[in-house]
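Enquirer: Here is how the chains run, residue by residue.
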Amino acid sequence: MEKDKKEKLKIGIYELTGCAGDALLILDCEKELIDIFKAADIQSFLMAKSDNIEGGLDIALVEGSVSTEKEKKELLDIRKRAKVVVAIGICACFGGIQAAFRNKKNWEKNFKEVYGDIQMTHTKPVQSKPIDAHIKVDYYLPGCPIDKEQFLSTFNRILRGNPPELYRFPVCVECKWNENDCLLNKGIPCLGPVTAAGCGSICINHNLPCVGCWGPVEGANLTSEFQLLREYGFDHDFIRKKMASFSGTGIADFLAKIEGEKR
Amino acid sequence: MKKISVEHLARVEGNGGISATIDGKVVTEVKFTIYEGPRLIERLTVGKTPEEDVNLVPRICAICTLSHKYAAIRAMENALSVKVSPKIHLFRELMHLGEMIESHSLHIYYLALPDYVGFPNAIAMASQFELEVKIALEMKEFGNHIMKKASGRYIHGENPVIGGFGKFLTKEELLWIKSRAVQFMPFVLKTVSLFCELDYPDCPEDNTIYACCNPPQNKYGFAGDEIILSTGETINKKDYLGLTNEFVVSHSYAKHSRYKGNPYSVGALARVNNLGKRLKGEAGKMYGKYFGPRWKRNPLFNNAAQALEILYTFERIPRLVDELLKYPEDPPVVKYKAKEGKGTGIVEAPRGLLIHSYEITEGLVSHTDIITPTAQNAEDIERYCYIAAQKLLENGEEDKIRDRMDLVVRAFDPCISCSAHMAEVKKALPDDWKEKLKEVKKKGTPIYVGVGKRTHSDDGLGIELALKLRNRGMSDVWLEYEIAQRGGPWKNKHHRPLVFLDAVDFREEPGKVVLLPLHHVFSNTNLSHKLLPFISAEMHYERLNNSYILGIQPECTKEGSKISKPVRLSMVKVLEQIKN
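Protein sequence lines, in the order shown, are assigned to chains A and B.
Per our numbering, the first sequence starts with residue 1, numbered consecutively.
Per our numbering, the second sequence starts with residue 1001, numbered consecutively.
It should be emphasised that the hints constitute simulated quantities derived from the structure, not laboratory data.
Be a bit skeptical, because a hint or two may be false.
Residues from chain B that face chain A, not an exhaustive set, calculated with beta carbons under 7 angstroms [claimed, not checked]:
| # | residue |
| --- | --- |
| 1 | P1038 |
| 2 | R1043 |
| 3 | N1055 |
| 4 | L1056 |
| 5 | R1059 |
| 6 | A1062 |
| 7 | L1131 |
| 8 | K1134 |
| 9 | E1141 |
| 10 | N1144 |
| 11 | G1166 |
| 12 | T1170 |
| 13 | E1172 |
| 14 | K1289 |
| 15 | Y1290 |
| 16 | Y1336 |
The calculated DSS-like cross-link candidates involving lysine-lysine, where the alpha carbons are at most 25 angstroms apart (straight line), are [what the hints assert, rightly or not]:
| # | chain 1 | residue 1 | chain 2 | residue 2 |
| --- | --- | --- | --- | --- |
| 17 | A | K31 | B | K1434 |
| 18 | B | K1219 | B | K1134 |
| 19 | B | K1441 | B | K1573 |
| 20 | B | K1255 | B | K1148 |
| 21 | B | K1025 | B | K1434 |
| 22 | A | K176 | B | K1277 |
| 23 | B | K1339 | A | K186 |
| 24 | A | K186 | B | K1443 |
| 25 | A | K104 | B | K1025 |
| 26 | A | K112 | B | K1083 |
| 27 | B | K1442 | A | K70 |
| 28 | A | K148 | B | K1148 |
| 29 | A | K105 | B | K1289 |
| 30 | A | K241 | B | K1025 |
| 31 | B | K1025 | A | K176 |
| 32 | B | K1443 | A | K112 |
| 33 | B | K1083 | B | K1339 |
| 34 | B | K1337 | B | K1087 |
| 35 | B | K1335 | A | K241 |
| 36 | B | K1337 | A | K186 |
| 37 | A | K241 | B | K1434 |
| 38 | B | K1468 | B | K1443 |
Beta carbons: idealized from backbone N, C-alpha and C, even for Gly.
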C-alpha cells in the first residue's frame, strides 16, 4: 500500500482570484472524483481537504488570475515546486472577466472607485493578469468553467505523461454537430466563430448567442467577425466590449488595433 | 503576543483566513481576511448591456452562480419594467432549488461533517460513513442535475435570461425530477435528524440580528421583494442600503456591513429563525421537533438549518413540478423597450441574502451595486470568533482556539470567492498596545475620552490621564461626564479615531495595558462598562469601526483616591506614547 502511494503522481490544485468554479467543477466530477483521488496523490486541494502538504509536485493545476502580490508569490512558488503547470479556466488562461481593464491607469482609477484611498494591510492588489504573465505554463485548459469531459480526458493524458488534446476549432463546429440554426445568420451577435470549442455549443443549443467564455480559438479571425457584426449594424464600441468581456488579454493586440482604427 | 491563525481555511469555497491575536489573557484582535484579489466586478459591468451584465455577474461565484443570475435578472426586470408569466417564475424557482440542494449538501456532508466526526476530509470519512457519503453525493448530483437542466450546464449556465428562458424542460424531464425527489425523501429525513442531533459546542453563543428575504404570501422560500429582520422590522428592497451600510476594511477585499451599528447574520440559520414558523409538512414537523433557543444564538446551528432547508426543498419540488405542468406552453422571452431605469433584485443565495442593484442609462449599465452574503456575515464571523477565542482562553483551552475558529467560519458556509481563506492564533509582542496606538494614529489624530470615577482608586485613571493630557495643552480631550452634558465628540469627526482611556478588568496583572477595538468590548461581558451602552446607542457604525479602548488593569477599584503603583507606572508610559 505504501509502495503504491509512492508511485502515484503528486498533484496540487490551486485557486487564485476567480469564482472557484474550476475547482468546484472538479468536485462536481462526483463519481469520478473518488477515482481521481485513487489514481493520483492529491497533495493539496484546499476546497476539498484540510490535510494539505506543500512540497514537490508532478502536476499543478492552477485556477484564477493573479490579482494580489501574495498570489504572485504563491504562483512563483508553485512553479518552482511543480514539474508541469496547467492553467485551468479562463481566468488562469486569459485573465478572465477581471482582466477587462487592460490599461493600468484605468484599472487604478476603477480600483479607487471601489475601495477608496484605503491602504490594504493584508496584501497589495495588482492589476489582474493570466498566470503566464508571471510564469511559464505547460498546458492550457480553457473554459468558464472548464468542461467535465474535457478536464477528465486532459487530466488522464497528463497523468500518463501525454500532452492534452484539445479541440482546435471554434464553437461553430460543435454547433453544426448539434444541428442548430446559425444565430449570426439571423443577425444575433454570436461569438461562436472566434471562440474555442469544448463547451458543446451549449448557449446556442438553448437558442442563445455564444458569449465567448472559453476565450479565442487558435487563429480566430477576429477582424472578420468584427466586420460582420458591423455590417449587421452593431456599434463599434458594443462589438469591442462584447469581444473583450471574457477573453481579457487573449485578444489584446486585436483590441488595440480596432481602438486605433476608431481614432 | 501570540497569533493563532488559520491562514488557509480549508474546505470552504474560495480563499480566506481568520486570525486571533492573544496578549496574555486578552484576545486583542480578530480579523477575517479575504485573500481573494479585487475583481472590480461592479466597475467592469458598467457600459455593458443588461444582457451582458447577466452573463458576467454569475462569474462572481461558481457555487452561487444561479443566485447571482437570478438576483441580476430580477433587478434588471425591475429596472426595465419587464413582466414575466407565472411559468417563468416557477421555472426560476426550480433552478434555484437545484442550487440549494447542491450547495447545502456539499457543505453539510463534505465541508462541515468531517469536523464533527473527526476526519480531515470527506474522502477519508467515507471509510466510516460509506453509505452517507455515497448517497449525499447522489443528492448533490441531483441538485447539479436540476441546475444543469434548467440553466444549460453545471456552472455558469446561460439559459436564464432577462424576460425568461432560452429553453424549458420537457414534461418527461420534469416528471423524472419529481420522481427522483420523492425517492430521496427517506435519506433527506435522516439527514435532518443527523445534523439537528450533532453535538454542537456551546461556544460561541450570543444574540445577533438575522436578516433574510421575506417571501410573499407568508410562505417559506428563497426570493421576495422585502427584507425581514429578526427584530420584526421589514425593509423594502429598494431601501437595502439602510440595512447593509457597507464599509471598506483594510484587511480584506470584501467590504463589511453593519445594521444600525450592529453586526447581523444571513444564511440558512437566519431564514429558519425568521421564517421557520411558516414551514409545513415534514419540514414543519422537524422544525417543531428540533428548533430551540440555541438556534437563535449559536452560528454552528447553521448546519442544522441547512439540513432542514434541504428537506423543505425536497418537499417543494414535487409540488412545484405539478404547478409547472399546468402550463404546457413555453412562453417566449419577453421583449422590452425601456432604455432607462433603476432597479433592485434580492434573492437568498444558499449562504444568505444577495442583493443586486442597477441603474440603466441609454440602454447600458451606468451603476452596479452587488452585496454578497459573505460580506454581510464578515462582521459576525469576526465577532463570534472573538467570543469563542476569548472564552476558550479564559477556560485555559487556548489549544482549542484554532480549530474552533475554523469550525465557526465554516459554519457560516462562506463562499469566499464572492468576496473573499482560514484560522490563525497570534501571540502579541511585548507592549503590543504601543504598536497598535501607532497604527491608530496613522488613521488620524485621535480624540481621547477619559472614563471612570476618581473616587474609586484605580478607576480614576482614565479621568486623570485625560486631565494630564489637557494640562499639556492637547485639544480634543474629553471627560466622561462632559459627554453626558454636551453630547459625543464624535459628531462630524468620523474620520478621526476615538480612544477611550479607562480602567478595564482583563483579569491580568495590575498595570497591564491593552488597546483593542471598541466593538470587541461589546462582545465581551467581562469588559462591559457602565458607560458603553450609552455610547453604543449614539454611535454610528463608521464611528464604531474607528473607536478603541486603551485599558489599564486596575489593582483596586474600591472607594478611595489613591492610584496604585503599577497603574501609575503604566500611566506614565501611556502619556509618553500618546505624546510621541
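Enquirer: With reference to the structure, classify each hint as holding or not holding.
Expert: Hints and how they fare:
1. P1038: OK, holds: P1038/B within 7 angstroms of chain A, min 5 angstroms.
2. R1043: Hint holds; R1043/B Cβ to chain A Cβ min 4 angstroms, cut 7 angstroms.
3. N1055: holds, 5 angstroms
4. L1056: holds, 6 angstroms
5. R1059: The hint holds - R1059/B has a Cβ within 7 angstroms of chain A, the shortest such distance being about 5 angstroms.
6. A1062: Given a least distance of 3 angstroms, the restraint on A1062/B holds.
7. L1131: Because about 14 angstroms separates L1131/B from the closest Cβ in chain A, which is outside the 7 angstroms limit, the hint is violated.
8. K1134: violated, 9 angstroms
9. E1141: Constraint on E1141/B satisfied, holds at 5 angstroms.
10. N1144: holds, 6 angstroms
11. G1166: Where the cut-off is 7 angstroms and the nearest Cβ of chain A is about 3 angstroms from G1166/B, the hint holds.
12. T1170: The hint is violated - T1170/B has no Cβ within 7 angstroms of chain A, the shortest such distance being about 14 angstroms.
13. E1172: Where the cut-off is 7 angstroms and the nearest Cβ of chain A is about 18 angstroms from E1172/B, the hint is violated.
14. K1289: Nearest chain A Cβ about 31 angstroms off; hint violated.
15. Y1290: Not OK, violated: Y1290/B not within 7 angstroms of chain A, min 28 angstroms.
16. Y1336: Hint on Y1336/B: violated, closest Cβ of chain A at ~16 angstroms, above 7 angstroms.
17. K31/A - K1434/B: Since the Cα atoms of K31/A and K1434/B sit roughly 56 angstroms apart, the hinted pair is violated (cutoff 25 angstroms).
18. K1219/B - K1134/B: violated, 33 angstroms
19. K1441/B - K1573/B: At roughly 16 angstroms apart (the allowed maximum being 25 angstroms), K1573/B and K1441/B satisfy the hint.
20. K1255/B - K1148/B: violated, 31 angstroms
21. K1025/B - K1434/B: With Cα atoms ~18 angstroms apart, K1025/B and K1434/B stay inside 25 angstroms; holds.
22. K176/A - K1277/B: With a Cα-Cα distance of about 52 angstroms, the restraint between K176/A and K1277/B is violated, given a limit of 25 angstroms.
23. K1339/B - K186/A: holds, 23 angstroms
24. K186/A - K1443/B: violated, 59 angstroms
25. K104/A - K1025/B: Since the Cα atoms of K104/A and K1025/B sit roughly 47 angstroms apart, the hinted pair is violated (cutoff 25 angstroms).
26. K112/A - K1083/B: violated, 37 angstroms
27. K1442/B - K70/A: Holds, at roughly 24 angstroms.
28. K148/A - K1148/B: With Cα atoms ~12 angstroms apart, K148/A and K1148/B stay inside 25 angstroms; holds.
29. K105/A - K1289/B: violated, 59 angstroms
30. K241/A - K1025/B: violated, 56 angstroms
31. K1025/B - K176/A: violated, 69 angstroms
32. K1443/B - K112/A: Distance ~18 angstroms between K1443/B and K112/A Cα, so the pair holds.
33. K1083/B - K1339/B: holds, 15 angstroms
34. K1337/B - K1087/B: holds, 22 angstroms
35. K1335/B - K241/A: holds, 23 angstroms
36. K1337/B - K186/A: Satisfied, since the Cα-Cα distance of roughly 20 angstroms is no more than 25 angstroms.
37. K241/A - K1434/B: violated, 51 angstroms
38. K1468/B - K1443/B: Holds - the C-alpha atoms of K1443/B and K1468/B are around 23 angstroms apart, at most 25 angstroms.
Of the hints listed earlier, those the structure fails to meet are numbers 7, 8, 12, 13, 14, 15, 16, 17, 18, 20, 22, 24, 25, 26, 29, 30, 31, 37, in rising order.
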